[in-house]
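Note that the protein sequences, when read in sequence, are chains A and B. Going by our numbering, the residue at position 106 of the first sequence is 106; the numbering climbs one at a time, nothing skipped. Going by our numbering, the residue at position 101 of the second sequence is 101; the numbering climbs one at a time, nothing skipped.
Bear in mind the hints are in silico, worked out from the structure with no lab data behind them. In this text, all values refer to a predicted model and were calculated from it rather than measured experimentally. Where is the CB? At the ideal position from N, CA and C, for every residue including glycine. Some clues are possibly wrong.
Here are some chain B residues the structure puts well away from chain A; computed CB gaps all over 10 Å [to be verified]:
| id | residue |
| --- | --- |
| 1 | L11 |
| 2 | L21 |
| 3 | Q78 |
| 4 | G82 |
| 5 | M128 |
| 6 | V138 |
| 7 | L140 |
| 8 | G165 |
| 9 | L177 |
| 10 | N186 |
| 11 | D202 |
| 12 | G231 |
| 13 | T245 |
Some chain B residues close to chain A (C-beta under 7 Å, calculated; not the full set) [as the list claims (entries may be wrong)]:
| id | residue |
| --- | --- |
| 14 | P43 |
| 15 | T131 |
| 16 | E132 |
| 17 | Q133 |
| 18 | D135 |
| 19 | A136 |
| 20 | T139 |
| 21 | S141 |
Covered stretches of chain A (in silico footprint by chain B; criterion: 3 or more residues with CB under 8 Å from a CB of chain B, positions within the stretch not fixed) [stated by the list, open to error]:
| id | segment |
| --- | --- |
| 22 | 84 to 92 |
| 23 | 239 to 248 |
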Amino acid sequence: MSAPADPTPKIALHAVAKAFGPKVVLRGVDLEVARGESLVIIGGSGTGKSVTLKCIIGLVSPDGGRIEVDGAPLDRRRREDFLRHFGMLFQGGALFDSLTVWENVAFRYLRGAEKLPRRKARDLAVEKLRRVGLTADVADQYPAELSGGMQKRVGLARAIATDPSVIFFDEPTTGLDPIMADVINDLIREIVVEMGATAMTITHDMTSVRKIADKVAMLHDGIIQWTGPVGEIDTTDNPYVHQFVNGLPDGPIESLR
Amino acid sequence: MPVLTLPLGFLAAIGRAFLGLLQATGSLTIFGAHALMHVTVPPFYPGELMRQLMRIGYFSLPVVGMTALFTGGALALQIYAGGSRFNAEAVVPSIVAIGMVRELGPVLSGLMVAGRVGASIAAELGSMRVTEQIDALVTLSTNPMKYLVVPRVVAATLAMPVLTGIGDTIGVMGGYLVGTSRLGINPSNYIQNTVNYLTAGDITSSLVKGAVFGFIIALVGCYQGYHSARGAQGVAQATRNAVVTGSILILAANYLLTEVFFSA
Chain A
1 MSAPADPTPK IALHAVAKAF GPKVVLRGVD LEVARGESLV IIGGSGTGKS
51 VTLKCIIGLV SPDGGRIEVD GAPLDRRRRE DFLRHFGMLF QGGALFDSLT
101 VWENVAFRYL RGAEKLPRRK ARDLAVEKLR RVGLTADVAD QYPAELSGGM
151 QKRVGLARAI ATDPSVIFFD EPTTGLDPIM ADVINDLIRE IVVEMGATAM
201 TITHDMTSVR KIADKVAMLH DGIIQWTGPV GEIDTTDNPY VHQFVNGLPD
251 GPIESLR
Chain B
1 MPVLTLPLGF LAAIGRAFLG LLQATGSLTI FGAHALMHVT VPPFYPGELM
51 RQLMRIGYFS LPVVGMTALF TGGALALQIY AGGSRFNAEA VVPSIVAIGM
101 VRELGPVLSG LMVAGRVGAS IAAELGSMRV TEQIDALVTL STNPMKYLVV
151 PRVVAATLAM PVLTGIGDTI GVMGGYLVGT SRLGINPSNY IQNTVNYLTA
201 GDITSSLVKG AVFGFIIALV GCYQGYHSAR GAQGVAQATR NAVVTGSILI
251 LAANYLLTEV FFSA
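Next up, chain B with everything else stripped away, as it sits in the complex:
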């Protein structure tokens, strides 16, 4: 039946891809559950946690800050240009604040950190897998989940809300700088509008999103690196998958969290 071969082959390919997706989802979920279980069971490695907090949190500040600053400025210009069609230029401060804090701050911080930290974690753990350093940990009575995965996941989950908060603030400041210097908005009016329109719920949602994105970034990076295939190509693939999967999961989680926080 040659006529049937093509559609059947096509369906089989879709089926294989779907089963592969289910398998990967299950495997990542089990890996995440193991990581969470080890968070509460000693031994703990506070030195490793501090080192990861520095690497993931402190050293990501310039990337997150620059991204937020330019995005806030561009957002102010866009809202001013769009708002002027309806004589609504006055909404610039409030929309910049809400846009940055609710959506762009956490999402852009998440995506930038996924590129910087997720890739770095996957490459590091992948190299350790390939060179048997992870096996060596086991022979030294050290559980790799506790020593490698837990400090990274905890550090990213703690550091990302702080990075997000700083990113939100710098983004709003970018809008303020452009709004007051280029668009002629009164500085005190700008600040007043920003403060009036932002609620505690907006800020909470932003920080919660940051924590969830941090968890996703580190978990996916660790998972990909930990299960890296042998050779340079295996490490490269793990790194690529960490960034792509991490970014997609961040965007999906962002939608779900927005539904939870803001759906009427």
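Here chain A stands alone, though its shape is the one from the complex:
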């Protein structure tokens, strides 16, 4: 008999609220992501998807609510530990212009607690670049010399460089052509499964959702309107999900014309 799976969620948000001046973005987000699960948050632009991720990372301080990792509140000290085993792919790549591709990928290995000799760090970076389908000859190029799709791959290589236990993906396919978007989706899925990492993705790309997600959460009006397995997004009778998934102009989500 196998041991029962750990019921404690890897990441849990309880009534997380955030406002910027008079603009209330999150009104009480409740969300749980199990260990090794891939959760995708969907929702329109400006509904607070990025703010939710930023609250977890600590880039934005929530006004209220509680964020837990492995069942314990994420205070400052625990967040530092959380970030040591964390990777993130940013929407625009967020690669450092002044560093070469391999220095970007090996950023953690070139400084701080995990510092390695440069040659060893470069070898590890090249290995990760290969994992995302890039050859060693891009290692010494600068990010500005690469196409958008290649920059995304480099960003992905940097996110997985230290084999993190949690990975966030912020709009991973935005700005890519459909073929490259499909390649990135496949890579994300493969890597997350292979590493057994817990993943959170925000996107409005339904193709990404179907490829990447185990579970989907619909964020609208500052709260999670629906969560469920990815297989149920087409059959659920939740009006928000139905309207969003089918791209309908009429429904509870207001569309400006």
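Following the hints, position chain B against chain A.
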């Protein structure tokens, strides 16, 4: 009461501007205190510090040197022209030396570096903010204050006294070249007068001013870039504010330091 609307609106605008100034001053002070706190707490990034010393110090040498050379020469001409009205042409070397070392050397070096380095720091950090590179640092367990701000502030504070000292020397040399070649002053007399009139206090004040101006330039540049608004316009505004605010603060600090060093 339409008669009262105009003056009240005017007063409200002044009030808003004043409150905004207080808020910006407080915010910059807190940012500076954070930067100073991180200077003493590891991890340190010596590689970044060396890179910034090169960018801020070494690559500013031509700008500072040329500015000082021409200013020293022009100062010698002006003092000679003014002094000749009172038959006091002999004071050219001493006034050029005192003027360059006490005031023009540090202030002009500061203003030139504020334009070159302050703007560059604000634009670089502003672009990093807009493209989420600063957020990416956080996700890579790297504190942006330690990695971006501290090396720039420390490098500028260390490099500016050296630049100022070099600027002072080149400025005095500019006066010497003009004084000896155009105004017919005896070269050995020129050097003798310069050495006789300069004191250790003059040189100390110049170097201290340089260090303070370097700190101001890097701090304001980092602050503006770090808090840059989104988009190209946000970066442009951060860059402009870095130069304008940095320059004004340099001039204000120069007055205060002059009071400290030279008021009787």
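Against the structure, the hints:
Distance check on B/L11: its Cβ is at least 25 Å (rounded) from any Cβ of chain A, clearing the 10 Å threshold; non-interface status holds. Residue-level check passed: B/L21 sits 20 Å from the nearest beta carbon of chain A, beyond 10 Å. At the 10 Å boundary, the C-beta of B/Q78 stays outside the reach of chain A, the nearest C-beta of that chain being 44 Å off. The non-interface label for B/G82 is consistent with chain A: the shortest C-beta to C-beta separation is roughly 49 Å, beyond 10 Å.
Against the 10 Å criterion, B/M128 falls within the reach of chain A, whose nearest CB is about 8 Å from its own CB. With a cut of 10 Å on Cβ distances, B/V138 falls inside the contact zone with chain A, its closest approach being about 6 Å. The beta carbon of B/L140 is not kept farther than 10 Å from every beta carbon of chain A, the shortest such distance being approximately 5 Å. With 10 Å as the threshold on Cβ separation, the claim that B/G165 sits away from chain A holds: the shortest Cβ distance comes to roughly 29 Å.
Distance check for B/L177 against chain A: the nearest CB is about 40 Å away, which clears 10 Å, and the non-interface claim stands. The claim that B/N186 lies off the interface holds: its Cβ sits roughly 52 Å from the closest Cβ of chain A, which is beyond the 10 Å cut-off. The Cβ of B/D202 lies farther than 10 Å from every Cβ of chain A, with a closest approach of about 40 Å, so its non-interface assignment holds. No Cβ of chain A comes within 10 Å of the Cβ of B/G231; the nearest lies about 13 Å off, and the non-interface call holds.
Distance check on B/T245: its Cβ is at least 24 Å (rounded) from any Cβ of chain A, clearing the 10 Å threshold; non-interface status holds. The beta carbon of B/P43 is positioned within 7 Å of a beta carbon in chain A (closest approach about 6 Å), and the interface hint is therefore held. Because the smallest distance between the Cβ of B/T131 and any Cβ of chain A comes to about 6 Å, under 7 Å, the interface hint for this residue holds. Here the hint on B/E132 is kept, as its CB sits about 4 Å from the closest CB of chain A, short of 7 Å.
Taken as an interface hint, B/Q133 checks out: its beta carbon lies about 5 Å from the nearest beta carbon of chain A, inside 7 Å. For the restraint placing B/D135 at the interface with chain A, the shortest Cβ-Cβ distance is roughly 5 Å, inside the 7 Å limit, so the hint holds. This hint holds: B/A136 has a C-beta 4 Å from the nearest C-beta of chain A, less than the 7 Å allowed. Satisfaction of the interface hint for B/T139 is found here, the shortest Cβ-Cβ separation to chain A being roughly 4 Å, below the 7 Å cut-off.
Because the beta carbon of B/S141 sits about 5 Å from the nearest beta carbon in chain A, less than 7 Å, this interface hint is met. Counting residues of the segment 84 to 92 of chain A whose beta carbon lies closer than 8 Å to any beta carbon of chain B gives 7, which meets the minimum of three for the stated coverage. A stretch counts as covered by a chain when three or more of its residues have a beta carbon under 8 Å from one of that chain; for the segment 239 to 248 of chain A and chain B the count is 0, and the coverage is violated.
Violated hints for the displayed structure, listed by number in ascending order: 5, 6, 7, 23.
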